[in-house]
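Residue numbers (this note's numbering), protein chains in the order written: chain U, 1 to 120; chain F, 1 to 120.
Worth double-checking, as some hints may not be accurate.
[What the hints assert, rightly or not] Within a straight-line C-alpha distance of at most 30 Å, the following computed DSBU-like cross-link-like pairs (lysine-lysine) qualify:
| # | chain 1 | residue 1 | chain 2 | residue 2 |
| --- | --- | --- | --- | --- |
| 1 | F | Lys83 | F | Lys96 |
| 2 | U | Lys83 | U | Lys96 |
| 3 | F | Lys83 | U | Lys96 |
| 4 | U | Lys96 | F | Lys96 |
| 5 | F | Lys96 | U | Lys83 |
[To be verified] What follows is a set of in silico ranges between Cβ atoms, one per label pair, in the way DEER data are often shown:
| # | chain 1 | residue 1 | chain 2 | residue 2 | range |
| --- | --- | --- | --- | --- | --- |
| 6 | F | Thr41 | U | Gly43 | 51 to 61 Å |
| 7 | U | Ala110 | F | Ser71 | 22 to 32 Å |
| 8 | F | Arg73 | U | Gln47 | 47 to 57 Å |
| 9 | F | Ser57 | U | Ala53 | 27 to 37 Å |
[What the hints assert, rightly or not] Negatives, chain F to chain U, calculated, CB over 10 Å:
| # | residue |
| --- | --- |
| 10 | Arg36 |
| 11 | Glu39 |
| 12 | Arg40 |
| 13 | Gly43 |
| 14 | Ala53 |
| 15 | Arg73 |
| 16 | Thr76 |
| 17 | Thr93 |
| 18 | Ala110 |
Honestly, the hints are just simulated from the structure, not real lab data.
It should be emphasised that the depicted structure is a prediction, and the values quoted were computed from it without experimental measurement.
All residues carry an ideal CB built from backbone N, CA and C; glycine is no exception.
Protein chains: 2
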Amino acid sequence: MPDRPAGGQPRVSQAKARLLRVLGHPVRVSILELLRDGERTVGDLQQALGLEASSTSQHLSALRSLDVLESRREGTNVYYRIKDPRTTDLLETARKIITTSLEDSQSLLAQLNDREATED
Amino acid sequence: MPDRPAGGQPRVSQAKARLLRVLGHPVRVSILELLRDGERTVGDLQQALGLEASSTSQHLSALRSLDVLESRREGTNVYYRIKDPRTTDLLETARKIITTSLEDSQSLLAQLNDREATED
DNA sequence: GTAGGATCTTCAATGGTTTGAATATTCTAA
DNA sequence: TTAGAATATTCAAACCATTGAAGATCCTAC
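The whole structure should be built from the sequences, with the hints applied where relevant.
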């Protein structure tokens, strides 16, 4: 079994990319944030997201097909939950990276403004 | 300033999604893996990736535009490096999630095979 | 200083993939 | 069987990746 399939990049890179890509959508990020504190029904999620039922279901199924979510049925409702808690950590890390990056540009901006005020 | 822009999902979710999506491509995952141990030139990366120069440059620029990478020029070469080390952590977390998920399906498969061998 | 070569980036066109919305279908509980 | 809920399918529009050509930028050597 070759490490590098026809595509070009190694299998492991491809697997990571698949996971990150499925997480890389605003609706799906919102879903994970909603599920951070525990399971919820599809109808509940749909309402919180402000989406059509069909669209909600499609995003949920994308996440489940990569094993990010799992579901159980109870009567007429289906409950979804996050399968691996490290998925939440991953999103939290993403948040930290973004925050740092924004803080850096903020402080750069402040420096530029200071300089403008004092120079010449 | 509204939390929820016209798009639908909150700004924060959108920002996270942008970051995760730019990381969600096999070539860009490979780039980050190559840069894990330190900076490298574009030509070096290009060769390791097996890509066209222009394609390499565009992936690098996508990563830089979201502040994932930074670069410096030295003579005719440009060196790229990872800006925030937590980006590496994020990829590592992704790897762990995938590994666990694969192990789970492996053991499920093993159970199925055992049952097949002993039943009837 | 300027011609040539090397490295990297940008641009525009193409082909492919993903998304969103609407509709149809399946599933479940009563 | 019927209503309600969830999922699957479809198709047009938006988006992304790749390619090749042209454009910068910098070094070296004459």
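Here's how the hints hold up against the structure:
no.: 1; hint: F:Lys83 with F:Lys96; verdict: holds (22 Å)
no.: 2; hint: U:Lys83 with U:Lys96; verdict: holds (22 Å)
no.: 3; hint: F:Lys83 with U:Lys96; verdict: holds (13 Å)
no.: 4; hint: U:Lys96 with F:Lys96; verdict: holds (19 Å)
no.: 5; hint: F:Lys96 with U:Lys83; verdict: holds (13 Å)
no.: 6; hint: F:Thr41 with U:Gly43: 51 to 61 Å; verdict: holds (53 Å)
no.: 7; hint: U:Ala110 with F:Ser71: 22 to 32 Å; verdict: holds (24 Å)
no.: 8; hint: F:Arg73 with U:Gln47: 47 to 57 Å; verdict: holds (52 Å)
no.: 9; hint: F:Ser57 with U:Ala53: 27 to 37 Å; verdict: violated (43 Å)
no.: 10; hint: Arg36; verdict: holds (12 Å)
no.: 11; hint: Glu39; verdict: holds (19 Å)
no.: 12; hint: Arg40; verdict: holds (16 Å)
no.: 13; hint: Gly43; verdict: holds (17 Å)
no.: 14; hint: Ala53; verdict: holds (15 Å)
no.: 15; hint: Arg73; verdict: holds (20 Å)
no.: 16; hint: Thr76; verdict: holds (26 Å)
no.: 17; hint: Thr93; verdict: violated (5 Å)
no.: 18; hint: Ala110; verdict: holds (17 Å)
Violated hints, listed in ascending order, are 9 and 17; each of the other numbered hints is respected by the structure.
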